[in-house]
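J.: Produce the complete structure using the sequences and hints provided.
Chains B and U supply the protein sequences, listed in that same order. Its first residue numbered 227, the first sequence is counted upward by one per residue in my numbering. Its first residue numbered 175, the second sequence is counted upward by one per residue in my numbering.
Derived by calculation from the structure, the hints in this document are not laboratory data. Certain hints may be false.
[Stated by the list, open to error] Computed cross-link-like contacts, DSS-like style, restricted to lysine-lysine with a CA-CA straight-line distance of at most 27 Å:
id	chain 1	residue 1	chain 2	residue 2
1	U	K353	U	K299
2	B	K298	U	K237
3	B	K462	U	K237
4	U	K237	U	K353
5	U	K353	U	K312
6	B	K298	B	K462
[Unchecked claim] From the structure, some residues in chain B lie toward chain U, with a derived Cβ separation under 10 Å:
id	residue
7	W299
8	T300
9	R301
10	S302
11	Y303
12	R307
13	P310
14	D315
15	L318
16	R465
Computed from a predicted structure; not experimentally measured. Glycine is no exception: its CB is placed at the ideal position from the N, C-alpha and C atoms.
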Amino acid sequence: MVLYRRLWQASVFSSFVLPVLFVVSIGIGVGGYVGEIDGWDYLSYIVPGILASGAFQTALSESTFPVLGAFKWTRSYHAARATPVRIIDMVLGWQLYIQFRVAAASIVFLLVSAVFGAVHSPWVVLTPLICGLLALSTAASVSAFSATIENDSYFSLLFRFVMIPATLFSGVFFPVEQLPAVVRPLAYASPLWHGVELSRSAMLGGATPWPWAVHVGYLILLSALGLWWAWRAYSKRLRD
Amino acid sequence: MIYARGLVKRFGEFTAVDGIDLDVAPGEAFGFLGPNGAGKSSTMRMIGCVSTPSGGELRILGKDPVRDGPAIRARLGVCPQTDNLDPDLHVFENLTTYARYFGIPRAEARRRATELLEFVQLTEKATSMVEPLSGGMKRRLSIARAMVNEPDLVLLDEPTTGLDPQARHLVWERLFRLKQRGVTLVLTTHYMDEAEQLCDRLVVMDGGKIVAEGSPRHLIDTYSTREVVELRFGDEAPSSYVDKLAGIGERLDPLPDRLLLYSADGDAAVSELHRRGFTPSSVLVRRSTLEDVFLILTGRTLVD
Chain B
227 MVLYRRLWQA SVFSSFVLPV LFVVSIGIGV GGYVGEIDGW DYLSYIVPGI
277 LASGAFQTAL SESTFPVLGA FKWTRSYHAA RATPVRIIDM VLGWQLYIQF
327 RVAAASIVFL LVSAVFGAVH SPWVVLTPLI CGLLALSTAA SVSAFSATIE
377 NDSYFSLLFR FVMIPATLFS GVFFPVEQLP AVVRPLAYAS PLWHGVELSR
427 SAMLGGATPW PWAVHVGYLI LLSALGLWWA WRAYSKRLRD
Chain U
175 MIYARGLVKR FGEFTAVDGI DLDVAPGEAF GFLGPNGAGK SSTMRMIGCV
225 STPSGGELRI LGKDPVRDGP AIRARLGVCP QTDNLDPDLH VFENLTTYAR
275 YFGIPRAEAR RRATELLEFV QLTEKATSMV EPLSGGMKRR LSIARAMVNE
325 PDLVLLDEPT TGLDPQARHL VWERLFRLKQ RGVTLVLTTH YMDEAEQLCD
375 RLVVMDGGKI VAEGSPRHLI DTYSTREVVE LRFGDEAPSS YVDKLAGIGE
425 RLDPLPDRLL LYSADGDAAV SELHRRGFTP SSVLVRRSTL EDVFLILTGR
475 TLVD
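T.: Next up, the structure:
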């Protein structure tokens, strides 16, 4: 079935300008003082992480207000519900849109990083796929969450207690081994950490901390659970 | 087109639709009339295959809405009570995007959108965004959108609620044209004039049940009298006249400001009134309307 997926003229611009500013300020500015991590200059070390966290943040924010809004404010999902479009099509259609956003942003970001000399391995071609998987594993369950709530104030909690800590402590700026052992499992649970390590391995050519199949497998598992949850949540919201 | 037997919809403890039977034939304009909370919209949502019946039997276009939901929805046009047009798209794109939901090819979608905008008189607004449109324009766009898949059955949930008189008449006129083309219309309304204008047949719902069924004329003949006399008395409360006027007309209904006298022959009733020496400050003899039927059947208490 050929179905139209809602693709809006999205501001791809903002989703990579911010990471680029990060690279410039922290990578070059702070990097000058930090020296090397794991044998790499700081810029090269954080670029893969910032790439992944950009995908993570895009995935997260695109599955909060736009999803709740399509249920509650514009009722676009209710409009689609009156057509042959199935609920699973709505879930997947939105995820596909997020994939486009993330893919476009990742590719542009990679080009910019290449200019800064932060690409060191031919495996870099895999990073857009890694970002896509990371985005799916995050966006699926966040969309599900957005479909279950009535009030957007939950989002500020989500941003404050999930997005920002995840961005700061998932190995983007420093290895998670620096974290106290008690909080390390939180980083391991975060999809972002797995995405960051995969992305870093692809861009720098080193091995991942855990076998790469474990990282990928974990992200696939999260994606599958997230999609299932999203399908359940969308169905529940639209059924009665 | 629609066949229902003992259809029930429950939301937890609350029973919104309490065992209704329906038959809607092709080409018919069928109305659900009833106060707020009567179960009209819940019924419509079950017919639109977006809400699963809690009990009873339902067939839409000969199919089972639970199993064949997508196939049935492909042949329905739905105009919801609250507009859910896409505010990020302009008028023309709202139609073409929606057409894509039905798998209609792009070129065909554009052709239909042009034609439909013409039909609902929005051609010059084609590139306007949705938000600045008036309520009547949005509703017309919703109707156009419901027609984009050339449906066999169009469901309209309160199509003219909240519109000004001009906009209502335009919507009615367009709906009447659809009916002439042989499209089956099912609508809910709490406006009597709308039901009288548009519906061949209607049911009155109250408390989740069907309390009356028939053509507008039939309902008026069955539940009301041919004419109604509205009487106003300057001095005393209308209710104090109920006993004094006993025997005139078939029924008396005292309202706070006036007294309704139901009678087959209004003028004869008025003559009788004068013969008995009553001098109401104003007398109005009018034909009975669906509104009288509605109020007789569902009572005057305000429901919210």
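J.: Would you mind marking each hint as holding or not holding in the structure?
T.: Here's how the hints hold up against the structure:
no. : hint              : in the structure
1   : K353(U) / K299(U) : holds (25 Å)
2   : K298(B) / K237(U) : violated (30 Å)
3   : K462(B) / K237(U) : holds (23 Å)
4   : K237(U) / K353(U) : holds (23 Å)
5   : K353(U) / K312(U) : holds (21 Å)
6   : K298(B) / K462(B) : holds (14 Å)
7   : W299              : holds (8 Å)
8   : T300              : holds (6 Å)
9   : R301              : holds (4 Å)
10  : S302              : holds (6 Å)
11  : Y303              : holds (9 Å)
12  : R307              : holds (5 Å)
13  : P310              : holds (4 Å)
14  : D315              : holds (9 Å)
15  : L318              : violated (14 Å)
16  : R465              : holds (6 Å)
Hint violations for this structure: numbers 2 and 15, all remaining hints satisfied.
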